[in-house]
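One letter stands for each residue in the lines below.
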Amino acid sequence: MLRERLIAALGSDAVKTEPEDLAVYSFDAYTDGGRPAAVVLPKSTQEVSAIVKIARDCAEPIVARGAGTGLCGGAVPTAGGVLVSLMRMNRVLELDLQNRRVRVQAGVMNLDVSRQVAPQGLFYAPDPSSQQISTIGGNIATNAGGPHCLSYGTTVNHVLGLEVVDDAGEVFMTSIDDAGYDLTAALVGSEGTLGLVTSAWLRLLALPEAVRVWVAAFDEMDAASEAVSAIIAAGVVPTALEMMDAVIVAAVEAAFHAGYPTDAAALLLVESAGFEEDVAAGEAAIHAIVMAHGARYWKSARTLAERNALWAGRKGAAGATGRIAPNYYTQDVCVPRSKLPHALRAVEAAARSNQITVGNVFHAGDGNLHPLLMYDKSDARQVAAVVETGNVILQAAIELGGTISGEHGIGWEKRDAMTRIYSTADLAAMGRVRDVFDPRRMLNPEKIFPSGARCAEVTPP
Amino acid sequence: MTARSESVAPETVAETGEILARCNRSGEKVSIVGGATLSGMGFPPERLDVSLSTQRLSGIVGNERADLTIAVRAGTPIQSLTALLSTQGQSIPFDAPRPQYATVGGTLAAGWLGPRRHLCGRVRDYLIGSTIVLADGTIARAGGMVVKNVSGYDMSRLYVGSFGTLGVIVQANFKTMPLAKQARLFLARLPERTRVRACAQLAAAPMRPAAAFWIDGFHNAVDGDDGPEGRLAVLLEGSEALVERATRELRSALGRAGVPETRVLDAGARESFQRVVDAYVACLGERSVTYRIASSPQASEPSALRANELASRFELRTDTIVDVLNGDIILRVSDFDARALGAKIEPFDDALHEIEPRAQVIASEHPHRIYLRVWGEPPPAVAQMQALKTRFDPNRTLNPGRFVGGI
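If you read the protein sequences in the order shown, they are chains G and B. So for the first sequence, the numbering used here puts the first residue at 163; every next one is plus one. So for the second sequence, the numbering used here puts the first residue at 84; every next one is plus one.
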């Protein structure tokens, strides 16, 4: 019935129900999966609308999916239902150069936005490490970040308006320039639980006239993380401020030959972009701070090729860990920036006591940690140890005044951890928003809200 | 509005919760007042039993200087927060009118849009956490004190611009930005023949000024030549080296546009800029209504002229500020007394909305304000907004009728 109706509406090419097809859409980048009843690949907003109406008639839940790079099971159809892949909605709809904005469909790849507008001297700022694969729709769902969010802010700062298909299959539009509630802000980061975003107006920025990237190496992690805190405290906010530990540097050098010094305990990758005068002043200030914190190496990349090599190492770091262990799990926590040294010590201690190799590669300037926990999926002891380590790190971040996700989202994985940072009343306020947009709990169920939070999950509107 | 209303000024969040819970049960309607600087935005509440002031909910909760974050209670005046931040080399671009009175909570609730937002972003983008008291007295927190946080819905941003119709913001946590080392203000006469080119040059400048205004009228309220011609005010901010370079670029750009002579102000530049922002909501007693018309940098000049022509057809006096870089037009129409204005303002409001459907009233003390389309045409998602209000405040306890679509 479901299958037939979907095929009648979209054609058989857009509907997949064979087990081997369903298997492909049962996982995102998180470890556990769940099988959908059907996968559909719409090409237009009207088709998304039709799908939602059919699913609703058939009482099937709906899960929207972009490229499936999410790390916390946000796009996993845990409750079955219809999985809507937005990958065929990959058109740039309108480019408004005068007002520096562009309207794209949800399935457009992040990096393609910047590529399209680069000839006009513009770019789209949010740059998650997955940007060569991940889609704007998925980035909006998780309010994705990236290294350059330190100065440009996360996705929500760059979304000007949305086209959304609601739980009844009706289309509505939001704009940050409309009078009334800021529905755009409520929808960004809502992980597909308030509607399906089909297109978005994005803000574009002018490419900076000067960009410089520096690498500083330290003999101790503590010294590097204290240098990060000192840079921020001095009010010098570079465009990006990334940190890598020895485990990651070794893996990256082996894989990419990025030109990092391999004998350091910690590396800082710093980028400053803007006007020549400011970049030069930033270089002097940052150099002085890192040297005062015991850096023993400092290299400045001036050419585009040199900069790209340094960034390639950073962006490919997670993949490079394949040389260390067959699998890795990425934790994503964020702490106040002055607490970075404490947080890194907690990560180290948690990994050591569980006998897990950890590699740290993260957005230090934001206090956003990404410890990569290396393991072998086939070894049950290691799996259990990774889960425990991840959990201890989460708790440590909370105790340092931090949060359980900086930029990856809550999804399926972390929903029960929501009660560790929010009270029942805090979650109930979010639940009221859900009541308005998804009273039947059919849009990406079993995500964000804790499984036990009945008041938030089941309250009738 | 009911003549007799009770005034309360709770000192704690818990007390605020008790007051709202009580009113919500008894059916009393509550209006929320910060510094009352933006009370001319939106409609007055359709009924008012309790006026809840946030003035005593003020002060710094946590000043995490090294993290560039700060948590403040909602009744804290913008000016005292800004002053504290500047002593530690930080800032938040509130750009609120009359900051000595305006509160943090009120500025957030009104969703105030300042002139530096094209460069620094909106205030909402500095908000990293909040505490709100909902209509039933529930205290709900969102976000925290970290600069990146994706843990459920972004409730804090939803409350920004909600005009106290979803709850009372009692605490706000912000990230801050480094304070620009130098500020410089350019003032110039802007003869009509130079206006179009000057605005185009400014909008296209590679080194974007922090703010740029074409001001026509508002004499005595803002600095500059009081003559019959319009004035130009441009604020540059940044490091000393950057401001020097921007100065050279700006001088040659204005020269190309034929702008006669410029006066440069270093000392007092920020204060002069603030006087322009203050003028946005400056009323002439009961004899003026001020609109904000959202345009675009390219269209703002012709839109402003069109709106002015319309006003002159109604024989209304006008004062205009065009925020060249955001495309905002601030249009104050006035007459010689409240009665004269009252005879014209409704037909003018209709005619203005025919050419500028989204024009909003941002300041007026005229009694006919309630008959105007103060919010402009309803936004496309008004039904969703009304449903949110119903779910958050089913008894319509908070600021009933103040907001868009009867919310």
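Hints listed in this document are in silico derivations from the structure and should not be mistaken for laboratory results. There may be inaccurate statements among the hints.
Said to hold, decoys possible - Sample of chain G residues at the chain B side, in silico, Cβ under 7 angstroms: (1) 220; (2) 343; (3) 385; (4) 417; (5) 421; (6) 566; (7) 587; (8) 588; (9) 610.
To be verified - Pair ranges (Cβ atoms, derived): (10) G:481 to B:166: 55 to 61 angstroms; (11) B:381 to G:219: 42 to 48 angstroms; (12) B:97 to G:257: 48 to 54 angstroms; (13) B:453 to G:294: 51 to 57 angstroms; (14) B:366 to G:587: 51 to 57 angstroms.
None of these values were measured; they are calculated from a predicted model. C-beta atoms are modelled at their ideal positions from N, C-alpha and C, and glycine is treated no differently.
Taking the hints in turn, this is what the structure says about them:
The beta carbon of residue 220 of chain G comes no nearer than 25 angstroms to any beta carbon in chain B, farther than 7 angstroms, and the hint placing it at the interface is violated. Because the closest C-beta pair between residue 343 of chain G and chain B is about 5 angstroms apart, less than 7 angstroms, the hint holds. Taking 7 angstroms as the C-beta contact cut-off toward chain B, the hint placing residue 385 of chain G at the interface is violated, the least distance being around 17 angstroms. Given the 7 angstroms rule on beta carbons, the hint for residue 417 of chain G is violated: about 27 angstroms separates it from the nearest Cβ of chain B.
With a cut of 7 angstroms, the hint placing residue 421 of chain G at the interface with chain B is violated, because the nearest CB-to-CB distance is about 28 angstroms. For residue 566 of chain G, the shortest C-beta to C-beta distance to chain B is roughly 6 angstroms, which falls under 7 angstroms, so the interface hint holds. A hinted interface residue such as residue 587 of chain G counts as satisfied when its beta carbon comes closer than 7 angstroms to some beta carbon of chain B; here the least separation is about 5 angstroms, so the hint holds. Contact between residue 588 of chain G and chain B, as hinted, is supported at the beta carbon level, the nearest pair being about 5 angstroms apart and thus within 7 angstroms.
Taken as an interface hint, residue 610 of chain G checks out: its beta carbon lies about 5 angstroms from the nearest beta carbon of chain B, inside 7 angstroms. For the hinted restraint 55 to 61 angstroms between residue 481 of chain G and residue 166 of chain B, the CB-CB distance of approximately 49 angstroms leaves it violated. About 47 angstroms separates the C-beta atoms of residue 381 of chain B and residue 219 of chain G, a value consistent with the hinted range of 42 to 48 angstroms. Remark: the range hint 48 to 54 angstroms for residue 97 of chain B to residue 257 of chain G is upheld by a beta-carbon distance near 52 angstroms.
Separated by about 55 angstroms at the C-beta atoms, residue 453 of chain B and residue 294 of chain G satisfy the suggested range of 51 to 57 angstroms. One distance hint, 51 to 57 angstroms for the beta-carbon pair residue 366 of chain B and residue 587 of chain G, is violated here, with the actual separation near 40 angstroms.
In summary, the numbered hints that this structure violates are 1, 3, 4, 5, 10, 14.
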